[in-house]
Every structure is written in structure tokens, then in C-alpha cells.
Amino acid sequence: MSVATPTAVTGRRPFGTAALRGILRSPRMSGSLVAGIAMVALVVMLSLFGPRFVNARLAAVGSVRPSQPPSAQYLLGTDSQGRDMLTIMVLGTPQTLRIGLIAGVVGLAVGLVLGLTSGFFGGAVDAVIRVLADSLLTVPSLAIMVVIAASVGHMTVELMGLTVAALAWMHPTRTIRSQVLSIRERSYVSVARANGESEPGILFREIMPNLVPYIAASFVGAVSGAILAAVGLEAIGLGPNDVHTLGTTIYWAERFSAVLRGQWWWWGPPIVAISFIFVGLFLLSAGLDRIANPKLRQRT
Amino acid sequence: MSPDREVLRVEDLRVEYVTPDGPIKAVEGVSFSLQAGQRMGLIGESGSGKTTLGTAIVRLLRPPARITSGRIVLDGHEFLQAGERELRQLRMREVALIPQAAMNSLNPVMRIGDQIADGIIAHAQSAKIPRRDVAERVARALWQVGLQSYLASRYPHQLSGGQRQRAAMAIATALQPKIIVADEPTSALDVVVQRQVMQTLGRLQQGLHAAVLLIGHDMGLVAQFADTIGVLYAGRLVEQGPVEDLLDAPRHPYTRLLIDSLPTLDAKKALRGIPGLPPSLLNLPPGCPFAPRCPYAFDRCRVETPALQPVTTLQKAACHLYPAHTSLPPLPERADIPEVVAPAADAEVAV
Amino acid sequence: MPIEYVAKRALQLLLIVFVAVTINFLIPRLIPGDPVESALQTKMAMTGNVNVDVQAVAAAYRAKFGLDKPLWLQYVNYWGSLLNRDLGVSLVDFPQPVVEKIQSAVPWTLALLSVSTVISFFLGSILGALIAWPRAPRVLHVLVPPFMLLSSVPFFLLGIVLLFTFSVVVPWFPPGGGFDPVSILRLDVPTVLDLLYHAILPSLALVLGSIGFWGLGMRAMMVSVLGEDHITFAESKGLPPERVFLWYGMRNALLPQVTSLAIALGSILSGAVLVEVIFNYPGLGGILFLAIAGKDYFVIQGIVLMLILALALSLFVVDLIYPLIDPRIRYHP
Numbered sequence: 001m002s003v004a005t006p007t008a009v010t011g012r013r014p015f016g017t018a019a020l021r022g023i024l025r026s027p028r029m030s031g032s033l034v035a036g037i038a039m040v041a042l043v044v045m046l047s048l049f050g051p052r053f054v055n056a057r058l059a060a061v062g063s064v065r066p067s068q069p070p071s072a073q074y075l076l077g078t079d080s081q082g083r084d085m086l087t088i089m090v091l092g093t094p095q096t097l098r099i100g101l102i103a104g105v106v107g108l109a110v111g112l113v114l115g116l117t118s119g120f121f122g123g124a125v126d127a128v129i130r131v132l133a134d135s136l137l138t139v140p141s142l143a144i145m146v147v148i149a150a151s152v153g154h155m156t157v158e159l160m161g162l163t164v165a166a167l168a169w170m171h172p173t174r175t176i177r178s179q180v181l182s183i184r185e186r187s188y189v190s191v192a193r194a195n196g197e198s199e200p201g202i203l204f205r206e207i208m209p210n211l212v213p214y215i216a217a218s219f220v221g222a223v224s225g226a227i228l229a230a231v232g233l234e235a236i237g238l239g240p241n242d243v244h245t246l247g248t249t250i251y252w253a254e255r256f257s258a259v260l261r262g263q264w265w266w267w268g269p270p271i272v273a274i275s276f277i278f279v280g281l282f283l284l285s286a287g288l289d290r291i292a293n294p295k296l297r298q299r300t
Numbered sequence: 001m002s003p004d005r006e007v008l009r010v011e012d013l014r015v016e017y018v019t020p021d022g023p024i025k026a027v028e029g030v031s032f033s034l035q036a037g038q039r040m041g042l043i044g045e046s047g048s049g050k051t052t053l054g055t056a057i058v059r060l061l062r063p064p065a066r067i068t069s070g071r072i073v074l075d076g077h078e079f080l081q082a083g084e085r086e087l088r089q090l091r092m093r094e095v096a097l098i099p100q101a102a103m104n105s106l107n108p109v110m111r112i113g114d115q116i117a118d119g120i121i122a123h124a125q126s127a128k129i130p131r132r133d134v135a136e137r138v139a140r141a142l143w144q145v146g147l148q149s150y151l152a153s154r155y156p157h158q159l160s161g162g163q164r165q166r167a168a169m170a171i172a173t174a175l176q177p178k179i180i181v182a183d184e185p186t187s188a189l190d191v192v193v194q195r196q197v198m199q200t201l202g203r204l205q206q207g208l209h210a211a212v213l214l215i216g217h218d219m220g221l222v223a224q225f226a227d228t229i230g231v232l233y234a235g236r237l238v239e240q241g242p243v244e245d246l247l248d249a250p251r252h253p254y255t256r257l258l259i260d261s262l263p264t265l266d267a268k269k270a271l272r273g274i275p276g277l278p279p280s281l282l283n284l285p286p287g288c289p290f291a292p293r294c295p296y297a298f299d300r301c302r303v304e305t306p307a308l309q310p311v312t313t314l315q316k317a318a319c320h321l322y323p324a325h326t327s328l329p330p331l332p333e334r335a336d337i338p339e340v341v342a343p344a345a346d347a348e349v350a351v
Numbered sequence: 001m002p003i004e005y006v007a008k009r010a011l012q013l014l015l016i017v018f019v020a021v022t023i024n025f026l027i028p029r030l031i032p033g034d035p036v037e038s039a040l041q042t043k044m045a046m047t048g049n050v051n052v053d054v055q056a057v058a059a060a061y062r063a064k065f066g067l068d069k070p071l072w073l074q075y076v077n078y079w080g081s082l083l084n085r086d087l088g089v090s091l092v093d094f095p096q097p098v099v100e101k102i103q104s105a106v107p108w109t110l111a112l113l114s115v116s117t118v119i120s121f122f123l124g125s126i127l128g129a130l131i132a133w134p135r136a137p138r139v140l141h142v143l144v145p146p147f148m149l150l151s152s153v154p155f156f157l158l159g160i161v162l163l164f165t166f167s168v169v170v171p172w173f174p175p176g177g178g179f180d181p182v183s184i185l186r187l188d189v190p191t192v193l194d195l196l197y198h199a200i201l202p203s204l205a206l207v208l209g210s211i212g213f214w215g216l217g218m219r220a221m222m223v224s225v226l227g228e229d230h231i232t233f234a235e236s237k238g239l240p241p242e243r244v245f246l247w248y249g250m251r252n253a254l255l256p257q258v259t260s261l262a263i264a265l266g267s268i269l270s271g272a273v274l275v276e277v278i279f280n281y282p283g284l285g286g287i288l289f290l291a292i293a294g295k296d297y298f299v300i301q302g303i304v305l306m307l308i309l310a311l312a313l314s315l316f317v318v319d320l321i322y323p324l325i326d327p328r329i330r331y332h333p
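Protein chains in written order, with our numbering: chain A, 1 to 300; chain B, 1 to 351; chain C, 1 to 333.
Rather than coming from a laboratory, the hints here were simulated on the basis of the structure.
A portion of the hints provided could be inaccurate.
To be verified - Pair by pair, the computed Cβ-Cβ distance ranges are:
1. L187(C) x Q73(A): 52 to 60 Å
2. F121(A) x P23(B): 47 to 55 Å
3. G196(A) x V191(B): 47 to 55 Å
4. A109(A) x V76(C): 33 to 41 Å
5. S160(B) x L187(C): 54 to 62 Å
6. Q73(A) x L71(C): 51 to 59 Å
7. L71(C) x S178(A): 49 to 57 Å
8. R131(B) x P190(C): 27 to 35 Å
9. V191(B) x R328(C): 41 to 49 Å
10. I263(C) x F121(A): 24 to 32 Å
11. T264(B) x D134(A): 28 to 36 Å
12. L110(C) x S182(A): 22 to 30 Å
13. R193(A) x D248(B): 47 to 55 Å
14. V272(A) x L195(C): 28 to 36 Å
Stated by the list, open to error - Just a sample of chain C residues kept apart from chain A, beta carbon distances all over 12 Å, derived:
15. V76
16. I160
17. L290
Positions of the beta carbon are idealized from the N, C-alpha and C atoms, including for glycine.
Start from the sequences, fold in the hints, and give me the full structure.
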């Protein structure tokens with residue numbers, strides 16, 4: 001594995017970007033990474049452009065004949081409240097992605113700040129952050145999120161994202177903290193320090209670029225976990241009340257006993273969509289893990 | 001007294017590592033033989049192929065390494081042709097491996113005694129050892145390496161570094177093998193403990209009248225133990241001979257430079273290293289692999305690879321200076337540094 | 001077992017409980033809006049008493065439950081009532097104490113969770129270890145893609161699919177619930193069989209959902225362990241391959257796998273709760289669902305507290321397993 005060259009000494013960019021360019025050029029870009037990117041990209045495209053092609057009014061209660069199985073007219077059927085499933089899917093998927101994205105970004109941002117602070121400054125600050133993160137990691141996340149969600153009066157997509165983010169920051173914090181700790185003690189940082197670079201300078205110029213692969217992997221993990229948590233909360237009734245998401249669709253299906261009534265077109269598509277998103281994110285994170293951890297790349 | 005019989009013969013062994021960039025030839029046609037009770041040392045720098053050779057001889061190579069050709073005869077058995085069952089039976093009873101860094105080779109969650117015992121039990125049937133004798137054999141194995149029997153109930157992390165290395169020796173030699181391959185058994189230890197361990201190895205060898213192949217990079221250490229020394233460079237045996245002859249009058253330029261590079265307490269002289277770097281085993285230059293760094297190199301060296309031939313009755317060297325000369329000429333006082341051959345960027349394989 | 005180890009773990013347990021309970025206490029009080037008032041409003045709406053002055057009733061509730069006192073005093077009172085095993089009363093089924101509601105649900109969740117986890121952990125680990133072993137039949141490798149797929153799908157979604165397939169499409173299993181509604185629960189063979197019959201599908205959801213995770217995890221550990229030097233040394237002794245696999249490979253890989261278990265317990269618990277919702281199983285998940293629908297605030301808090309405690313205790317127990325399987329912890333050098 002190539003040792004990062006200190007910017008201070010050679011003027012060349014450190015590990016992160018060089019590795020990224022090398023990876024993109026090499027035929028060793030793993031199959032899982034490509035598949036993962038493709039799957040996620042597909043969902044994102046659908047979410048961005050899909051809503052323009054559907055009539056949002058068909059997602060309102062009572063707008064179409066209820067409880068219809070899929071047909072030429074209603075490609076994904078209708079639910080027992082008279083909503084067109086295809087419209088709901090097209091409108092709901094982007095909302096779910098939004099929640100995941102908000103939670104992922106906020107969770108990662110908090111994780112980055114806390115991880116860098118904790119790893120770099122150490123001492124009491126590190127101890128406090130560590131205890132807090134470890135305690136929250138060991139509680140069932142659903143539990144805390146239920147309390148938060150139940151306390152909020154009117155739940156929106158943004159609030160949902162924040163709720164889930166509250167328990168999404170611990171893992172990125174730990175990952176980044178441990179990376180900072182190991183990078184910080186490497187010789188090129190000592191070289192930079194000996195050259196008189198200031199502490200924040202070291203932080204930004206030597207440590208952060210090396211964190212890029214870990215940040216990317218953490219982000220994907222955070223988004224994946226966030227969507228999982230959000231879907232779980234929504235399925236028990238704590239989701240946003242004003243929009244459709246994949247999870248709330250499942251909730252309504254549960255409420256109206258769609259499973260036992262055999263109305264598979266109601267809860268089936270959301271499950272397929274959620275699984276697709278998760279598998280795509282999983283492959284993506286496996287691919288990113290290989291880049292972040294070159295030892296995995298050499299699997300023969 | 002009847003002449004000691006040959007217990008190990010290695011004939012033209014070749015080992016390569018299969019990599020996406022091409023095959024790395026780690027061992028290129030090594031041949032030698034060992035008599036019963038003989039101590040042979042194998043010296044080489046990192047990247048010379050010595051560990052690969054040692055691992056290959058006991059057939060414990062892992063992919064991407066593989067033996068491409070050659071013959072190993074272990075006490076009359078064709079070792080490379082042996083099937084799985086035969087291979088397992090030959091292990092421990094005929095040939096044993098004493099590993100480097102015992103801390104990594106001992107199972108951390110198993111007691112020392114159990115690690116000795118399971119080897120004995122695995123061979124109990126074929127070696128006709130009754131189960132009730134196992135405990136006694138465990139105690140004897142420990143005693144043989146100078147460890148007290150209460151250590152059998154301890155775990156590896158409860159032992160000191162020297163004790164661990166000796167425990168590994170006890171485990172390996174519990175069934176009194178005829179051949180012991182010791183791969184740098186002291187490299188992870190401090191000097192005082194190194195001496196203890198080497199002394200234990202010596203006593204063990206004498207007690208078992210076993211042949212020992214000691215692999216290492218520390219010329220001084222190996223020379224103190226071995227009767228014969230082989231020098232490995234770029235996967236080839238470049239010199240072989242009795243230890244005193246080799247040290248007094250090395251025949252191969254590499255050996256000469258190696259000995260010269262050892263600091264001595266007797267005389268004060270400038271530290272002399274060997275300029276350049278070991279060659280890339282992926283793209284070996286034609287001719288003698290040492291030519292780029294050799295102060296004696298001439299044209300033939302860069303074209304034709306020298307074979308290991310006898311120079312005196314007991315010493316062999318692979319160098320084009322022979323048989324024209326009978327010994328090494330004095331070192332030319334060259335101020336210029338021989339060309340450096342850079343190793344390949346991706347050679348991440350430990351040989 | 002070293003006493004310092006147990007003491008340290010017990011202390012950590014208490015610390016976690018303390019932090020979690022504090023957070024549980026603070027969150028609703030920090031979020032603007034009043035859950036009690038909104039719960040009352042929902043109840044009023046449901047029973048049609050729209051003319052009642054909600055504010056006054058809410059104020060009375062708050063006074064009764066001490067919600068109008070200063071924060072620190074509330075905190076102290078909170079701990080006081082916790083230690084008195086008083087979790088408040090249900091707003092929906094007033095005045096049933098929350099503790100009572102929860103007590104009947106806990107054994108169901110406990111049974112479902114422990115049995116499913118044990119089965120999936122051991123089965124998954126063995127399969128994963130075999131997949132990693134070069135000498136095992138290669139056909140096992142066909143399990144890898146389904147493992148990956150299953151571990152990416154949340155348990156409760158699997159539950160939905162299972163419920164549909166095995167209860168609706170082919171009516172082999174009951175459509176949810178923990179027991180036959182018209183039976184009386186006794187300790188006899190038909191009852192036990194009935195309980196098992198109802199537990200199969202939810203259990204299957206949990207097992208299938210997590211087996212992939214254990215399998216892939218164990219496989220990764222085994223690959224790493226099999227590359228280590230002590231395996232080479234063991235092979236150099238000529239040991240039979242089964243022995244090397246079990247006692248030098250799997251035995252050693254089990255240690256990080258147990259760590260994995262500890263880390264994953266939280267999400268397994270969360271997943272189990274959601275599975276219960278799908279199957280109408282009368283465990284903590286079942287009553288949580290009802291409490292959320294009815295905005296039964298104290299019940300929600302009580303269940304959350306119970307989940308936190310359950311997890312902390314499970315972690316403590318798993319921590320105690322370590323010294324048993326890792327002699328490096330049991331015996332200090």
C-alpha cells in the first residue's frame with residue numbers, strides 16, 4: 001500500500017485523491033462497486049424525474065376505484081383507500097431518499113466534527129464524546145427514535161430526517177476518530193509538525209485528505225442505516241403525516257390488513273423498492289470499503 | 001562408524017508466486033542435501049527467497065505461491081509426490097517446522113500442553129502410541145527444551161518470549177523428527193534470549209540426532225550454529241560450504257561483501273555495505289543476478305547465468321570467476337557505484 | 001472469572017442505563033409541544049367530548065403527575081418513581097399502570113428473541129465458517145448471494161413476505177397473534193404446541209433476516225483467521241484437517257463473532273419489535289404499536305425504557321461470556 005507522501009515535503013497530493021484517480025483508471029474497480037453505483041443511480045434518476053410524469057392527484061384518498069389489482073389502467077393497482085399505487089410509489093420513493101439523505105448528511109457532518117475533535121484533541125473532550133457515543137450505540141436505536149418521534153407533534157420529512165440523524169452520528173464519529181488517531185501518529189504528520197505547520201493546518205492538509213475514503217464509506221453506511229430506521233419508524237405509525245413515503249405506505253397497508261387480504265400490490269412494491277435500495281447501498285459500501293481498505297482489494 | 005545417511009535431498013527446486021503482473025520467481029533451481037545430524041544454515045537478505053524455500057521444503061506454501069518443478073526426497077520418501085494422508089503422516093514424525101515469531105504460531109486460546117498433545121494424538125495410531133502415554137510424552141517434550149512441566153497447563157500469553165519459542169520447539173519436535181526446519185527462530189527475540197534459544201536448539205538437535213536446516217539473515221548467529229552454510233541470493237544458491245572455509249575464504253563475491261559488511265570488534269574500519277538493491281524477482285536481468293552490484297562483474301556475467309560448481313573439495317560457488325581462479329581476487333578499489341536495478345513497484349510478496 | 005472484569009462491566013452497565021434513562025427523560029421535555037395535551041385531545045376527539053376545556057384538563061393532569069415542577073425536581077422524582085417500579089399509568093386504558101401492561105408482554109418478546117437469535121447465530125456461524133474453509137464442499141458458496149440479499153432486507157419486511165406466503169397464499173400457518181384466541185393458556189402440551197405454531201413465522205422472519213449477517217461475518221473472520229501463522233503451524237504437525245478447522249480456526253474466529261453479536265444486539269432487538277408489529281405478536285412490539293396509535297405517552301416511554309434495560313442487560317451477559325471463551329481475559333499473564 002502506498003504510504004501517503006506529506007504535502008509539506010513533496011508538494012504532491014496525499015493518498016485520498018491519488019488513490020481515487022488510480023482506482024477509477026484501473027480495471028480493478030470491483031464488480032460490487034459498479035453494480036452498487038448503477039442500482040443507486042437508477043433509483044436516484046427515478047426519484048428526480050419520475051414525479052413529473054405522474055398526476056399527483058391520483059395519490060389522494062378516494063381518487064380512483066379502491067382495491068383494484070394491477071391492470072392496464074392501474075399498473076400497480078390501487079389501495080383500499082382509493083389511491084393509485086404507481087403514483088404513490090413514484091411520489092413516495094424520493095421522500096424516503098430525502099429522509100435518508102438528510103439524516104446521512106447531518107449524521108456525517110456531526111460525526112466528522114466530533115470525530116476530528118475527539119481524535120485530534122484527545123483528553124477530556126475525547127472522553128466525553130466517547131462515552132456519549134458508546135452509550136448511544138448500545139441502546140436500541142429504535143427506542144430513542146420512538147421517543148423523539150412520539151414527542152413531535154406534527155412530523156414532516158425534514159423532522160424525520162433529523163430524528164433519524166440523532167442516532168446516525170455515532171458510527172461515523174467512531175470510524176473517523178479511530179482513523180484520525182492512527183493517521184495522527186504517522187511519521188508524515190510529525191514531519192509536518194517539525195516543519196512548523198500549525199495544528200489546524202495539519203488537520204486540514206494532512207489528515208483530512210486521507211479520510212476521504214472513510215468519509216465516503218461512512219456516508220453510504222449512514223444513509224443506509226437512516227433509511228432502515230426511517231422505514232421502521234414509519235411502519236409503526238411515526239412517519240410524516242403529510243406526504244407519502246415507502247414506509248408510511250407499508251403502515252397504511254398494515255392498518256388496512258392488506259397482507260391478510262392478499263392485496264400484495266399494496267405492500268409488495270414498497271418492499272421491492274426498499275430491498276433494491278438496500279442491496280444497492282450495500283454493494284456500494286462494500287465497493288467503497290475495498291477502496292478504503294486496500295488489504296481487501298487483494299482477495300484472490 | 002557408518003557414514004550418516006542422507007535424510008533430505010532437494011533437487012532443482014523452483015517456486016514461483018503467481019501475480020496479476022506475472023510470475024515472481026522466488027526460488028530458482030536450488031539443490032542441496034542434508035545428512036542425519038548435520039546442521040546446515042541458509043543465509044539470505046529479505047527477498048532472497050529463504051523463507052519461501054523453507055516453507056516449500058515442508059510443503060506449507062499457500063497460494064499464490066506454488067512449486068513449479070523439482071524434487072524433495074525426505075528420508076527416502078518422495079515428498080512432493082506424497083498424497084494427503086502420507087503427507088500428514090510424514091509431518092512431525094519425519095520433518096518438523098520451528099516457526100518464526102512463536103507468538104503468532106501458537107494458538108492463543110489453547111493450552112501449551114494441549115498443543116503438544118494434539119500433535120502426538122494425531123499420530124498415535126500410526127506411531128503406535130497408547131493414549132495413556134501422551135501426558136508423559138508431553139512432559140518429556142517440554143523437558144527436552146528446558147521448560148518445566150507445569151507450563152503445559154498455561155496459555156501462550158502467560159509465557160515469556162523465550163519460553164514461547166521453546167514451547168513451539170517442544171510442540172514441533174514432540175515426535176522426535178529426523179529433520180528440523182527452523183525458520184528464523186530467534187528474529188523476534190532480544191540478544192540474551194536468542195542465545196538461550198539457540199543453545200536449546202543445539203541441545204535438541206544433539207539429543208535427537210536430527211538434521212537441522214536453520215534459515216536466517218543474521219550471518220553471525222547462523223555461523224555459530226551451523227556446520228555447513230548455503231548463501232541464497234535472488235532465489236539461487238550462490239555459495240555453499242563448511243562454515244569455517246566460507247568465513248575464512250568466501251568464494252562468491254556476494255558472500256565476501258556480506259561478511260565484510262559485518263561490524264567487528266577486532267579492527268576499526270569503515271562500514272562497508274553492498275551498494276544497490278536486491279533485484280526484482282519479476283524482471284530478473286539476464287545473466288548472473290548479482291552482476292549489477294558485483295565489483296568483479298565482467299561481460300560474461302551479464303549474459304550467462306553461472307551454475308553452482310565445486311571450487312574446492314567441499315566448497316561450491318556460482319560465479320564465472322571459477323574455475324579460472326581458485327579464490328577471490330582482492331576487491332577492486334572502485335570509486336564508482338555499480339548500476340542500481342530498481343525493484344518493481346508492486347512486489348508486495350514476502351519471500 | 002476475574003472480579004475486576006465483572007465489576008468493570010457492571011459499572012459500564014449502570015453508566016449506560018443512567019445515560020439512556022436521562023436521555024429518555026430529557027427528550028420529550030426538550031421538544032416543543034406537549035404530548036400529554038395532544039394525547040388528551042386525541043382521546044377527546046375519539047370519545048366525542050369536544051366541548052371540554054382541554055387546557056384545564058391537561059393542567060390538572062400535569063399537576064397530578066408533577067409535570068409543572070422545575071426540571072431538576074422532575075428528574076429526581078423520575079428516578080424516584082423508577083426505583084419504585086412506577087412507570088406511570090396508561091392514558092388510553094386509564095388507570096392501568098404501565099408496569100402491568102409491560103409485564104405481560106416481556107416474556108413473549110424474550111422467548112421469541114432469544115430462540116431466534118440463538119438459532120440464527122449458530123447456524124449462520126457454522127455455515128459461514130464452512131464457506132470460508134477451502135476443504136468444504138464448494139456447493140456451499142451458492143449460499144453467499146442469498147445471504148447478502150437477506151442481510152440487506154429488514155426483518156419486518158421479510159416478515160410481511162413470509163406472512164403473505166405462508167398464511168395467505170398457502171394457509172399453513174396462523175395469520176399472526178401469539179396464541180389461539182379462543183384457547184385458555186395452560187401449561188400443557190396442546191398449549192405449548194399452539195404457542196410454537198404461532199411463533200414459527202415471526203421466528204423465521206428473525207432467523208432468515210439475521211442468518212445472512214452471521215454467515216457473512218463469520219466467513220470474513222474465518223478467512224482472516226485461516227491466513228494466520230498458527231494455522232500453518234498446526235498443519236505442519238500433520239493434524240487432521242477437521243481438527244484444524246474446528247479448534248484452530250472456528251474456535252478462534254468465534255471471539256470476534258461474539259463481539260459482533262454484542263454490537264448487533266441493539267438492532268436485532270429493534271428489528272424484533274417491528275416483526276411483532278407485523279405479526280400482531282403480544283410482545284413489546286405489539287403493545288408499542290397500539291400505544292403509538294393511541295398516543296399513549298407513558299406506555300411508550302415505559303416500553304422504551306424496558307428496551308434500553310433489556311439491551312443493557314443482554315450486553316452485560318454477552319460480556320460475561322468473553323472470559324469463558326477467551327483465556328487471555330480469564331488469566332492475566
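Results for each hint:
1. L187(C) x Q73(A): 52 to 60 Å: holds (56 Å)
2. F121(A) x P23(B): 47 to 55 Å: holds (50 Å)
3. G196(A) x V191(B): 47 to 55 Å: Taking Cβ atoms as reference, G196(A) and V191(B) lie about 40 Å apart, which means the hint is violated.
4. A109(A) x V76(C): 33 to 41 Å: Holds, at about 35 Å.
5. S160(B) x L187(C): 54 to 62 Å: Distance hint for S160(B), L187(C) holds at roughly 58 Å.
6. Q73(A) x L71(C): 51 to 59 Å: The hinted range 51 to 59 Å holds for Q73(A) and L71(C), with Cβ atoms some 58 Å apart.
7. L71(C) x S178(A): 49 to 57 Å: violated (36 Å)
8. R131(B) x P190(C): 27 to 35 Å: violated (50 Å)
9. V191(B) x R328(C): 41 to 49 Å: Given about 28 Å between the Cβ atoms, the range is violated.
10. I263(C) x F121(A): 24 to 32 Å: holds (26 Å)
11. T264(B) x D134(A): 28 to 36 Å: violated (57 Å)
12. L110(C) x S182(A): 22 to 30 Å: violated (40 Å)
13. R193(A) x D248(B): 47 to 55 Å: holds (51 Å)
14. V272(A) x L195(C): 28 to 36 Å: holds (33 Å)
15. V76: At about 20 Å from chain A, V76(C) clears the 12 Å cut-off, so the statement holds.
16. I160: violated (6 Å)
17. L290: The claim is violated: L290(C) sits with its nearest Cβ about 10 Å from chain A, within 12 Å.
Checked against the numbered hints listed earlier, the structure breaks hints 3, 7, 8, 9, 11, 12, 16 and 17; every other hint is satisfied.
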